[in-house]
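Following the hints, put chain B in place on chain A, whose structure we already have.
One line per chain: the protein sequences are A and B, in this order. Residues 1 to 411 in full-length UniProt numbering are what the first sequence spells out, letter by letter. Residues 1 to 316 in full-length UniProt numbering are what the second sequence spells out, letter by letter.
Warning: the hint list may mix true and false statements.
[Unchecked claim] Computed Cβ-Cβ distance ranges for the label pairs, DEER-style:
hint	chain 1	residue 1	chain 2	residue 2	range
1	B	Val53	A	Ala326	32 to 40 Å
2	A	Ser45	B	Leu134	36 to 44 Å
3	B	Leu151	A	Gln162	29 to 37 Å
4	A	Glu174	B	Ala88	31 to 39 Å
5	A	Ala275	B	Glu72	46 to 54 Å
6	A	Glu373	B	Gly71	48 to 56 Å
7	A	Glu348	B	Gly71	45 to 53 Å
8	A	Asn274	B	Phe78	55 to 63 Å
9	B	Ala88	A	Gly278	34 to 42 Å
10	B	Val110	A	Thr187	37 to 45 Å
[Unchecked claim] Here are the simulated BS3-like pairs of lysine-lysine, each with C-alpha atoms no more than 30 Å apart in a straight line:
hint	chain 1	residue 1	chain 2	residue 2
11	A	Lys315	B	Lys66
12	A	Lys259	B	Lys149
13	B	Lys149	A	Lys180
14	A	Lys396	B	Lys149
15	A	Lys380	B	Lys54
16	A	Lys277	B	Lys312
17	A	Lys180	A	Lys277
18	B	Lys66	A	Lys139
19	B	Lys224	A	Lys85
20	A	Lys309	B	Lys312
21	B	Lys312	A	Lys85
22	B	Lys54	B	Lys66
23	A	Lys216	B	Lys251
24	B	Lys54	A	Lys85
25	B	Lys251	B	Lys312
26	A	Lys335	A	Lys67
27	B	Lys66	A	Lys46
28	A	Lys159	A	Lys141
29	B	Lys224	A	Lys380
30	A	Lys180	A	Lys46
[As the list claims (entries may be wrong)] Chain A side only, calculated, beta carbon under 8 Å to chain B, not exhaustive:
hint	residue
31	Lys85
32	Leu87
33	Thr94
34	Gln108
35	Ile109
36	Ser111
37	Ser240
38	Ile244
39	Ala249
40	Gln365
Simulated from the structure, these hints should not be mistaken for laboratory data. Keep in mind the model is a prediction, meaning the values are calculated, not measured. Just so you know, even glycine gets a beta-carbon here, dropped at the ideal spot from N, CA and C.
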Amino acid sequence: MKPRFPEHTRSRRLRSLVGAGAMVATAALVLTGCSSGGGSSAGGSKLTIEDYYTATYNPNYNVCAKKVGATLTINHVAGAGLIAKVLQQASSRTLPDVLMLDNPDVQQIASSGALSPLSDYGLSADGDVPAVKAANTYKGKLYGLQPVTNSIALYYNKKLLQDAGVTPPKTWDELRAAAKKLTTGKTYGFAMSNINTYEGTWQFLPFLWSNGGDEKNIDSTEATQALSFVNDLQSDGSLSKSSINWAQADVNTQFIAGKAAMMINGPWQLPTLNAAKGLEFDSVPIPTRTGSAPVAPLGGEAFTVPQTKNAATMKLAGKFVGCLNAAKMQTVIAKNTGNVPTNITASEAWGKTHPQVSSFVTTVQTARARTGELGPDWPKAATKIYTAVQLALTGKASPADALKQAQSQNQ
Amino acid sequence: MSVSVQTRVRPETALTPIRPGQRRARMMLGMTRWLFVTPAVVFVAVFFGYPVVKNVIMSFQDYTTKTFFTGEAPWVGFANYAATFGSAVFATSVVNTALFTAGSIIMQFVIGLGLALFFRRNFPLSGFLRGLLLLPWLLPLIASSAVWKWLLDQDSGALNQFLGIFGVPAIPWLVSPSLALVAVIGVNIWLGIPFNTTILYSGLQSVPPELYEAASLDGATGWKAFWNITWPSIRSVVSVVIVLGVVYTLKVVDIILGLTGGGPANSTQTLATNAYHQSFINFQFGIGAAVSNVLILVSFVFAMIYLAISRKAVDE
Numbered sequence: 001m002k003p004r005f006p007e008h009t010r011s012r013r014l015r016s017l018v019g020a021g022a023m024v025a026t027a028a029l030v031l032t033g034c035s036s037g038g039g040s041s042a043g044g045s046k047l048t049i050e051d052y053y054t055a056t057y058n059p060n061y062n063v064c065a066k067k068v069g070a071t072l073t074i075n076h077v078a079g080a081g082l083i084a085k086v087l088q089q090a091s092s093r094t095l096p097d098v099l100m101l102d103n104p105d106v107q108q109i110a111s112s113g114a115l116s117p118l119s120d121y122g123l124s125a126d127g128d129v130p131a132v133k134a135a136n137t138y139k140g141k142l143y144g145l146q147p148v149t150n151s152i153a154l155y156y157n158k159k160l161l162q163d164a165g166v167t168p169p170k171t172w173d174e175l176r177a178a179a180k181k182l183t184t185g186k187t188y189g190f191a192m193s194n195i196n197t198y199e200g201t202w203q204f205l206p207f208l209w210s211n212g213g214d215e216k217n218i219d220s221t222e223a224t225q226a227l228s229f230v231n232d233l234q235s236d237g238s239l240s241k242s243s244i245n246w247a248q249a250d251v252n253t254q255f256i257a258g259k260a261a262m263m264i265n266g267p268w269q270l271p272t273l274n275a276a277k278g279l280e281f282d283s284v285p286i287p288t289r290t291g292s293a294p295v296a297p298l299g300g301e302a303f304t305v306p307q308t309k310n311a312a313t314m315k316l317a318g319k320f321v322g323c324l325n326a327a328k329m330q331t332v333i334a335k336n337t338g339n340v341p342t343n344i345t346a347s348e349a350w351g352k353t354h355p356q357v358s359s360f361v362t363t364v365q366t367a368r369a370r371t372g373e374l375g376p377d378w379p380k381a382a383t384k385i386y387t388a389v390q391l392a393l394t395g396k397a398s399p400a401d402a403l404k405q406a407q408s409q410n411q
Numbered sequence: 001m002s003v004s005v006q007t008r009v010r011p012e013t014a015l016t017p018i019r020p021g022q023r024r025a026r027m028m029l030g031m032t033r034w035l036f037v038t039p040a041v042v043f044v045a046v047f048f049g050y051p052v053v054k055n056v057i058m059s060f061q062d063y064t065t066k067t068f069f070t071g072e073a074p075w076v077g078f079a080n081y082a083a084t085f086g087s088a089v090f091a092t093s094v095v096n097t098a099l100f101t102a103g104s105i106i107m108q109f110v111i112g113l114g115l116a117l118f119f120r121r122n123f124p125l126s127g128f129l130r131g132l133l134l135l136p137w138l139l140p141l142i143a144s145s146a147v148w149k150w151l152l153d154q155d156s157g158a159l160n161q162f163l164g165i166f167g168v169p170a171i172p173w174l175v176s177p178s179l180a181l182v183a184v185i186g187v188n189i190w191l192g193i194p195f196n197t198t199i200l201y202s203g204l205q206s207v208p209p210e211l212y213e214a215a216s217l218d219g220a221t222g223w224k225a226f227w228n229i230t231w232p233s234i235r236s237v238v239s240v241v242i243v244l245g246v247v248y249t250l251k252v253v254d255i256i257l258g259l260t261g262g263g264p265a266n267s268t269q270t271l272a273t274n275a276y277h278q279s280f281i282n283f284q285f286g287i288g289a290a291v292s293n294v295l296i297l298v299s300f301v302f303a304m305i306y307l308a309i310s311r312k313a314v315d316e
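Here chain A stands alone, though its shape is the one from the complex (with noise of 0.2 Å):
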């Protein structure tokens, strides 16, 4: 076909040849940029990110870039790809310059050396949440922070619970006895994840951990009195079958589907919750089989600035990392993300002016890291005890002999 409007298709091609020699060019610079090594003049105000996040967290990196005076690349990866991704770069030496983290592989990443120690950058986690220090330090030395965190807690239907009679439980008793009276038709009392993906050690954590039970030998007592339980909830009937299959996501939709009227979430559902026409929901910490404080796990990303061998980069991330965790900052995210800031007095007034995270801002306060205890051995024990759980609710074993069986097996 003959080009209708010639000057367009030419100024086209022109445009085109102008874009790849932009290509080129942009290419040599990156290039040069590789080799001149320490360019304090043109590399030092340019820093790339990595994180597993989507588009909707760059208004908040975009904040700080402009106070620390940075341009940004930013690199979103998918969720499950960014570990593998972070050790190939680790072996090429092409780690960015802000790298995120999930908090339980901070110190999985921070042994292999990767990482710099943020105390070099002035920067420390004081004021913040206690399990959120513990979380980001290995061998004493803080490598990274965490501007707004979360965990989990108990969502219940308001209307269900209402037609019901019942009140939100607060220990295992009530919550037993609450679920079993929600148990209705096709809904049943109460959902949770049981997968056997991390997903599902997490889920179970509140009710080990609240129990004084622990990841360094789940053949204990206080275990198996926490796996029984959850397992009572199965047997009665309360509890769905295929909770065993159910990720945290499905959890949601079986709430929201009204198929459930308990369930143990995050407060990232909350968008998708609000979402939901005629739901009413409201949240309050996982109840405890005495009816004290939950010792929930702690979850949430943490910044980290890796070994680039560019000081001035380097500094300048460390600049970067810590504007995101000042408090202030701290609050326009939680505002963003539907979490909870980490420093303890943002949070507290957080929770007041926010009613609906007021549950897991109580919960943060007492929260546990996953790697708190076993640093980067954690792995190993969170494969252990979601084999447990699983052993236990598919009927596979007894409670005592799945935690045994699984304490003792090498995963």
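Just chain B, lined up with the frame of chain A:
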């Protein structure tokens, strides 16, 4: 006699003007031959040889996340193999791998052959339906497994809803440890049917129809014709389909990870998913390598069988 003497003499009498050229030409021919082989050799060495050797070495090292940054991977001898063979999951994985492979291969083959025989008859829409049959093959595995996960859901899955019409109570397909492996094998069979049907169908095409005509005159039809003509004619295709199927099935991870993640309670854990888990979830790359070496060894045995069969097929 004179010929043999001449050939033997040729190099010594290579001083005559034409001879060096001939020799060069021969050398060139030899070099050209090698030049043609070189890309294949380099390709195999880089993309198959290196990873396999690396994997074997890795299985004798304490290869962790630290190794990626520092490059240090201390030698640990057979510790990774000891850990592998000593774990309770390994025994389960071996049994499951055997059941998964045998179950998948047998059913894929039987159904595949049945469909191939069925489609050999000419009937309206046969070509269209045969094309439609390829659909499972064309879908990304992770998409298929996600869809099957919904279909097999105990409470709201389509399969149980359908069975419910006939009064069948909800079956815990992916929830019961004793049923999950059956369900996973079922999905894998569904995925493998197109491959079997296609290869076997093309094998059937090569059987000359005259044989059947002649046989029918002798009174051999139906099963008799199948056992005396069809089966012997496609036997080499059958062995190739089965051996390739075994090698493909041994290494399946995506379907199992997508459907059950190896659960519930490790009931669908195979050697392949176990290796994946050790390496990429527990970050124990040495143990992961040890497990996958076991798998490589098993696959290697079948690859040898495949080579032997295909050589025999060529000789025939």
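Here's how the hints hold up against the structure:
1. Between Val53/B and Ala326/A the C-beta distance comes to about 51 Å, which lies outside the given range of 32 to 40 Å.
2. Evaluation of the 36 to 44 Å hint for Ser45/A and Leu134/B yields a failure: the beta carbon distance comes to about 55 Å.
3. Range check, Leu151/B to Gln162/A: Cβ separation about 36 Å, and the 29 to 37 Å hint holds.
4. A hinted range of 31 to 39 Å for the beta carbons of Glu174/A and Ala88/B is consistent with their spacing of about 37 Å.
5. Checked against the hint of 46 to 54 Å, the C-beta distance between Ala275/A and Glu72/B comes to roughly 50 Å, which is consistent with it.
6. About 29 Å separates the C-beta atoms of Glu373/A and Gly71/B, a value inconsistent with the hinted range of 48 to 56 Å.
7. Look at Glu348/A against Gly71/B: about 46 Å separates their beta carbons, and that is inside 45 to 53 Å.
8. Judged by the Cβ atoms, the range 55 to 63 Å given for Asn274/A and Phe78/B holds: they are separated by roughly 56 Å.
9. Look at Ala88/B against Gly278/A: about 48 Å separates their beta carbons, and that is not inside 34 to 42 Å.
10. Val110/B and Thr187/A have their C-beta atoms about 43 Å apart, which keeps the hinted 37 to 45 Å range intact.
11. The suggested pairing of Lys315/A with Lys66/B holds, with an alpha-carbon distance near 24 Å, which does not exceed 30 Å.
12. For the given pair, Lys259/A sits about 19 Å from Lys149/B by alpha-carbon distance, which is consistent with the 30 Å threshold.
13. For the given pair, Lys149/B sits about 28 Å from Lys180/A by alpha-carbon distance, which is consistent with the 30 Å threshold.
14. Taking the CA atoms of Lys396/A and Lys149/B, the gap is about 22 Å. The hint holds against a cut of 30 Å.
15. For the hint linking Lys380/A to Lys54/B, the alpha-carbon distance of about 25 Å falls within 30 Å, and the restraint holds.
16. Simply put, Lys277/A and Lys312/B have alpha-carbon atoms about 68 Å apart, too far for the 30 Å limit, and the pair is violated.
17. Distance check on the hinted pair: Lys180/A and Lys277/A sit about 26 Å apart at the alpha-carbon level, within 30 Å; holds.
18. For a cut-off of 30 Å, the pair hint linking Lys66/B to Lys139/A stands: about 15 Å separates their Cα positions.
19. With a C-alpha separation of about 59 Å, the suggested pair Lys224/B and Lys85/A falls outside the 30 Å cut-off, and the hint is violated.
20. In summary, the hint linking Lys309/A to Lys312/B is not supported, as the alpha carbons are separated by about 59 Å, beyond the 30 Å threshold.
21. Between Lys312/B and Lys85/A the CA atoms are separated by roughly 45 Å; this puts the pair beyond 30 Å, and the hint is violated.
22. A hinted pair counts as satisfied when its Cα atoms are at most 30 Å apart, and Lys54/B with Lys66/B qualifies at roughly 17 Å.
23. Of the pairs offered as hints, the one joining Lys216/A and Lys251/B is violated, with about 34 Å between alpha carbons and a cut-off of 30 Å exceeded.
24. Between Lys54/B and Lys85/A the CA atoms are separated by roughly 20 Å; this keeps the pair inside 30 Å, and the hint holds.
25. Restraint check: the Cα-Cα separation between Lys251/B and Lys312/B comes to about 26 Å, which is no more than 30 Å; the hinted pair holds.
26. Proposed proximity of Lys335/A and Lys67/A is supported: the alpha carbons are some 19 Å apart, at most 30 Å.
27. For the hint linking Lys66/B to Lys46/A, the alpha-carbon distance of about 28 Å falls within 30 Å, and the restraint holds.
28. Distance hint between Lys159/A and Lys141/A is unfulfilled; the C-alpha atoms sit about 48 Å from each other, more than 30 Å.
29. Between the alpha carbons of Lys224/B and Lys380/A the distance comes to roughly 59 Å, so the proposed pair goes past 30 Å and is violated.
30. With a CA separation close to 58 Å, the supplied pair Lys180/A and Lys46/A exceeds the 30 Å bound.
31. Evaluation of the Lys85/A hint against chain B yields a violated restraint, the C-beta minimum of about 11 Å exceeding 8 Å.
32. Nearest Cβ of chain B to the Cβ of Leu87/A: about 4 Å, under the 8 Å cut. The hint holds.
33. Because the beta carbon of Thr94/A sits about 12 Å from the nearest beta carbon in chain B, more than 8 Å, this interface hint is broken.
34. For Gln108/A, the shortest C-beta to C-beta distance to chain B is roughly 6 Å, which falls under 8 Å, so the interface hint holds.
35. At a threshold of 8 Å, the smallest CB-CB gap from Ile109/A to chain B is about 7 Å, leaving the interface hint in force.
36. Taken as an interface hint, Ser111/A checks out: its beta carbon lies about 6 Å from the nearest beta carbon of chain B, inside 8 Å.
37. With 8 Å as the threshold, the beta carbon of Ser240/A comes within range of chain B, its nearest partner Cβ sitting at about 6 Å, so the hint holds.
38. With its C-beta approaching chain B no nearer than about 5 Å, Ile244/A sits inside the 8 Å limit, and its interface hint holds.
39. Of the supplied interface hints, the one on Ala249/A is violated, with its beta-carbon coming no nearer than about 13 Å to a beta-carbon of chain B, more than 8 Å.
40. With its C-beta approaching chain B no nearer than about 30 Å, Gln365/A sits outside the 8 Å limit, and its interface hint is violated.
When the structure is compared with the earlier hints, violations turn up for hints 1, 2, 6, 9, 16, 19, 20, 21, 23, 28, 29, 30, 31, 33, 39 and 40 and for no others.
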